[in-house]
Amino acid sequence: MKKYICILFLLVLVGCAPKAVVVLMPDAEGKVGVIEVATKGGTKTIKDAGYGVHIESTESAPSEPAKMEEKKINKLFGAAIAIQPILPKQYNLYFISGEAQLTSESKSMLPQIIAEIKVRPTVDISIIGHTDRVGTNEYNYKLSYERAKLMYDILVSEGLPAGSIDVTSHGEENPLIPTADDVPEPKNRRVEVTVR
Amino acid sequence: MRKLVVGLFLLMFVVPLWAEDTAIVGEVKKVKGDAKITHTGQPINAQPGSKIYTEDILKTGKDSAMSFTLKDSTVLSLGPNSELAVKDFKFVPSDKKLSLITKMMKGSASYISGTIGKLSPESVKFETPDATIGIRGTKFLVKVNE
Chain D
1 MKKYICILFL LVLVGCAPKA VVVLMPDAEG KVGVIEVATK GGTKTIKDAG
51 YGVHIESTES APSEPAKMEE KKINKLFGAA IAIQPILPKQ YNLYFISGEA
101 QLTSESKSML PQIIAEIKVR PTVDISIIGH TDRVGTNEYN YKLSYERAKL
151 MYDILVSEGL PAGSIDVTSH GEENPLIPTA DDVPEPKNRR VEVTVR
Chain L
197 MRKLVVGLFL LMFVVPLWAE DTAIVGEVKK VKGDAKITHT GQPINAQPGS
247 KIYTEDILKT GKDSAMSFTL KDSTVLSLGP NSELAVKDFK FVPSDKKLSL
297 ITKMMKGSAS YISGTIGKLS PESVKFETPD ATIGIRGTKF LVKVNE
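Protein chains in written order, with this note's numbering: chain D, 1 to 196; chain L, 197 to 342.
A couple of the hints might just be wrong.
[As the list claims (entries may be wrong)] Result set (DSBU-like, lysine-lysine): computed pairs, CA atoms no more than 35 Å apart in a straight line:
(1) D/19 - L/232
(2) L/292 - L/226
(3) D/107 - D/118
(4) L/247 - D/118
(5) L/226 - D/72
(6) D/31 - D/107
(7) D/149 - L/226
(8) D/75 - L/299
(9) L/247 - D/19
(10) L/283 - D/71
(11) L/283 - L/293
[To be verified] Facing chain L, a subset of chain D residues (Cβ under 7 Å, in silico):
(12) 17
(13) 22
(14) 27
(15) 35
(16) 38
(17) 39
(18) 124
(19) 125
(20) 177
(21) 179
[To be verified] What follows is a set of in silico ranges between Cβ atoms, one per label pair, in the way DEER data are often shown:
(22) D/34 - L/302: 22 to 32 Å
(23) D/180 - L/228: 49 to 59 Å
(24) L/257 - D/183: 54 to 64 Å
Source of the hints: derived by calculation from the structure; they are not laboratory data. If you're wondering where the values come from, they're calculated on a predicted model, not measured in any experiment. The beta-carbon is built from N, C-alpha and C at its ideal position, and this holds for glycine as well.
Next up, chain D with everything else stripped away, as it sits in the complex:
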């Protein structure tokens, strides 16, 4: 008994810091995912926000998930949380059938996207062009590229450095809504713009 008290005392003394701590958090929209923490000794699944596990060694399984106090979370992770950047945003812009021309509704989104870019101290952007399945594969590759290039030209004309923009085109191969060949689908005639 005395021995255990001694060990307990020693653990308190050294703070008993585990080798690692993992805590699940809700994302910006409040959604909570699932994480699995695995060592050679076993695997624990965390499903609840604010719950975490301790890891003591490779050989032993992680501890049972337990609620971690907000105060403790802030103490351990406050500095990392405070440096978090503005989160990436993705936009879908839609096009007129067979053309590298934005629908008027999508055109009206441009100021919002440009504002989102300008609010960031440093930005990198991905532009991916897509088409629906009307026309041949080759035609659609070319069209999806022209659509992406249009967005690229708009952003460069707004003063964005070309080096911070990636342009790719997927033709008809990556639809939002899968269809049979030669079916027009407005939702697939799009350019995805991601602002990071």
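Let chain D serve as the given structure and place chain L on it in line with the hints.
Frame of chain D, contents of chain L only:
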């Protein structure tokens, strides 16, 4: 012959995508104090806008912090005295090539999962010296003590 021509034509659009894939994988967004990126053995001071490549090691010193995003919109933030390596990053959704492996040697981090995590959760791994974390579309915090 016609097939070859079509093939070459398609390659014109696909190749730049691969070229990008082997190059820049992310960008530093915010820095506080002493933050470094070690790229092919040579540490440089990290600044907002600094590029990150596969196998780079990111380090922060005392009272320092940094954050960065990857090309799939994963967001990683590091607290003080931290060290993390981007071991593998492949992001070519059109080709089903997806992989993201990060390893944290020490310190504290906040991790917000990106597109690779959404498209292919099994392709995302976050390693610590003693454990591997599998992620299904989410945010989590990690602290690794030396």
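Verification of the supplied hints:
1. At roughly 24 Å between alpha-carbon atoms, residue 19 of chain D and residue 232 of chain L fall within 35 Å of each other, so this suggested pair holds.
2. A hinted pair counts as satisfied when its Cα atoms are at most 35 Å apart, and residue 292 of chain L with residue 226 of chain L qualifies at roughly 31 Å.
3. The hinted pair formed by residue 107 of chain D and residue 118 of chain D meets the criterion: a straight-line CA distance of about 18 Å does not exceed 35 Å.
4. Under the criterion of a C-alpha separation no larger than 35 Å, the hint pairing residue 247 of chain L with residue 118 of chain D is consistent with the structure, at around 19 Å.
5. Only pairs whose Cα atoms come within 35 Å are accepted, and residue 226 of chain L paired with residue 72 of chain D is accepted, the gap being roughly 24 Å.
6. Taking the CA atoms of residue 31 of chain D and residue 107 of chain D, the gap is about 31 Å. The hint holds against a cut of 35 Å.
7. Distance restraint check for residue 149 of chain D and residue 226 of chain L: the Cα-Cα separation of roughly 29 Å lies within the 35 Å cut-off, and the hinted pair is therefore satisfied.
8. Under the criterion of a C-alpha separation no larger than 35 Å, the hint pairing residue 75 of chain D with residue 299 of chain L is consistent with the structure, at around 22 Å.
9. A threshold of 35 Å between alpha carbons decides the hint, and for residue 247 of chain L with residue 19 of chain D the separation of about 31 Å falls inside it, so the pair holds.
10. In summary, the hint linking residue 283 of chain L to residue 71 of chain D is supported, as the alpha carbons are separated by about 32 Å, within the 35 Å threshold.
11. Restraint check: the Cα-Cα separation between residue 283 of chain L and residue 293 of chain L comes to about 15 Å, which is no more than 35 Å; the hinted pair holds.
12. A least Cβ separation of about 5 Å between residue 17 of chain D and chain L falls short of the 7 Å threshold, and the interface hint therefore holds.
13. Nearest Cβ of chain L to the Cβ of residue 22 of chain D: about 5 Å, under the 7 Å cut. The hint holds.
14. Evaluation of the residue 27 of chain D hint against chain L yields a held restraint, the C-beta minimum of about 5 Å falling below 7 Å.
15. For the restraint placing residue 35 of chain D at the interface with chain L, the shortest Cβ-Cβ distance is roughly 5 Å, inside the 7 Å limit, so the hint holds.
16. Look at residue 38 of chain D: its Cβ gets to within about 5 Å of chain L, closer than 7 Å, so that hint holds up.
17. The beta carbon of residue 39 of chain D comes within 5 Å of a beta carbon in chain L, closer than 7 Å, and the hint placing it at the interface holds.
18. Below 7 Å, beta-carbon pairs count as interface contacts, and residue 124 of chain D has one with chain L at about 5 Å; its hint therefore holds.
19. Residue-level restraint check for residue 125 of chain D is violated (minimum Cβ-Cβ distance to chain L is 11 Å; threshold 7 Å).
20. A hinted interface residue such as residue 177 of chain D counts as satisfied when its beta carbon comes closer than 7 Å to some beta carbon of chain L; here the least separation is about 16 Å, so the hint is violated.
21. Against a cut-off of 7 Å between C-beta atoms, the interface hint on residue 179 of chain D is violated, since the closest Cβ of chain L lies about 17 Å away.
22. The hinted range of 22 to 32 Å is satisfied by residue 34 of chain D and residue 302 of chain L, whose Cβ atoms lie roughly 26 Å apart.
23. Checked against the hint of 49 to 59 Å, the pair residue 180 of chain D and residue 228 of chain L passes, with Cβ atoms roughly 54 Å apart.
24. Residue 257 of chain L and residue 183 of chain D have their C-beta atoms about 57 Å apart, which keeps the hinted 54 to 64 Å range intact.
The structure fails to meet hints 19, 20 and 21 from the earlier list, while all remaining hints are met.
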